[in-house]
Amino acid sequence: DAEITQSPRHKITETGRQVTLACHQTWNHNNMFWYRQDLGHGLRLIHYSYGVQDTNKGEVSDGYSVSRSNTEDLPLTLESAASSQTSVYFCASSEYQGEADTQYFGPGTRLTVL
Amino acid sequence: TQLLEQSPQFLSIQEGENLTVYCNSSSVFSSLQWYRQEPGEGPVLLVTVVTGGEVKKLKRLTFQFGDARKDSSLHITAAQTGDTGLYLCAGPLSGGYNKLIFGAGTRLAVHP
Chain D
164 DAEITQSPRH KITETGRQVT LACHQTWNHN NMFWYRQDLG HGLRLIHYSY GVQDTNKGEV
224 SDGYSVSRSN TEDLPLTLES AASSQTSVYF CASSEYQGEA DTQYFGPGTR LTVL
Chain F
12 TQLLEQSPQF LSIQEGENLT VYCNSSSVFS SLQWYRQEPG EGPVLLVTVV TGGEVKKLKR
72 LTFQFGDARK DSSLHITAAQ TGDTGLYLCA GPLSGGYNKL IFGAGTRLAV HP
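In order, the protein sequence lines correspond to chains D and F. The numbers in our numbering rise by one with no breaks, and the one at position 74 of the first sequence is 237. The numbers in our numbering rise by one with no breaks, and the one at position 104 of the second sequence is 115.
These aren't lab readings, by the way, just hints derived from the structure by calculation. Warning: the hint list may mix true and false statements.
Each pair of labels, with its calculated beta carbon distance range [what the hints assert, rightly or not]:
id	chain 1	residue 1	chain 2	residue 2	range
1	D	S228	F	A89	22 to 28 Å
2	F	R71	D	E258	27 to 33 Å
3	D	A165	F	V66	28 to 34 Å
4	D	S232	F	K67	26 to 32 Å
5	D	H204	F	V55	16 to 22 Å
6	D	T275	F	L14	39 to 45 Å
7	D	T275	F	V61	47 to 53 Å
8	D	S232	F	V55	25 to 31 Å
9	F	N29	D	E166	32 to 38 Å
Calculated from the model, a selection of chain F residues having no Cβ within reach of chain D, i.e. all distances over 10 Å [to be verified]:
id	residue
10	P19
11	S42
12	T95
13	V121
The C-beta atom is built at its ideal place from N, Cα and C for all residues, glycine as well.
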């Protein structure tokens, strides 16, 4: 069965370190998204990609970067981790280009920055 | 700025009770989606509503899209413990396709 996986599931790091969160999907979807989830804010879009070599900034992109070298993967990098980036991160993918398409989410990565 | 406000934030009920949760905005949305999220997992899509006034039913769950396409509601009849979770509404962000803005969610606890 097709799926979307994230690794690691839990990560503790220190302020100032570079951290990369992995996202891998076997749906063969062109669209991939990264969100962060914080209490009281729901999910907020960090970065997204509509295909290989395409990346775009979302509403809370400062301090984050992504790259898309193949269809399956969209790693999220925190260049210099800050305590404000402690959150749960979700990766998602979707197939179509319509507004109302289904997004399929991974299980999330809980990141703690000390 | 597009915003989706959900109410109530928390809801604790007994099995068998009925409940309604709301998703409201001052902006018009072309569609709204409802997702359910269980602890330790990602959200899973329940339904998409696309037409003003539309009502969709999914077993004991009834979803309604407001006539003006600025609000939606989710009604659960005879809640079960398996309905426990975080219910999120989401709508398309302007400026690109398939980008979503989410409400903060309603956390539902159904007790036996």
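Right, here's what the structure says about each hint:
1. Here the CB-CB span from S228 of chain D to A89 of chain F is close to 48 Å, at odds with the stated 22 to 28 Å.
2. About 29 Å separates the C-beta atoms of R71 of chain F and E258 of chain D, a value consistent with the hinted range of 27 to 33 Å.
3. Judged by the Cβ atoms, the range 28 to 34 Å given for A165 of chain D and V66 of chain F holds: they are separated by roughly 31 Å.
4. S232 of chain D and K67 of chain F have their C-beta atoms about 39 Å apart, which leaves the hinted 26 to 32 Å range violated.
5. In this structure the supplied range 16 to 22 Å holds for H204 of chain D paired with V55 of chain F, their Cβ-Cβ distance being about 20 Å.
6. Roughly 28 Å separates the CB atoms of T275 of chain D and L14 of chain F, a value that falls outside the hinted 39 to 45 Å.
7. Look at T275 of chain D against V61 of chain F: about 39 Å separates their beta carbons, and that is not inside 47 to 53 Å.
8. Checked against the hint of 25 to 31 Å, the pair S232 of chain D and V55 of chain F passes, with Cβ atoms roughly 28 Å apart.
9. The hinted range of 32 to 38 Å is satisfied by N29 of chain F and E166 of chain D, whose Cβ atoms lie roughly 35 Å apart.
10. The beta carbon of P19 of chain F is kept farther than 10 Å from every beta carbon of chain D, the shortest such distance being approximately 13 Å.
11. With a closest Cβ-Cβ approach of about 4 Å to chain D, S42 of chain F is found to fall inside the 10 Å limit, against its non-interface label.
12. Here T95 of chain F stays apart from chain D, with its beta-carbon at least about 18 Å from theirs, past the 10 Å limit.
13. Non-interface status of V121 of chain F relative to chain D is upheld: no Cβ of that chain comes within 10 Å, the nearest being about 21 Å off.
Taken one by one, the earlier hints fail for this structure at numbers 1, 4, 6, 7 and 11, listed in ascending order.
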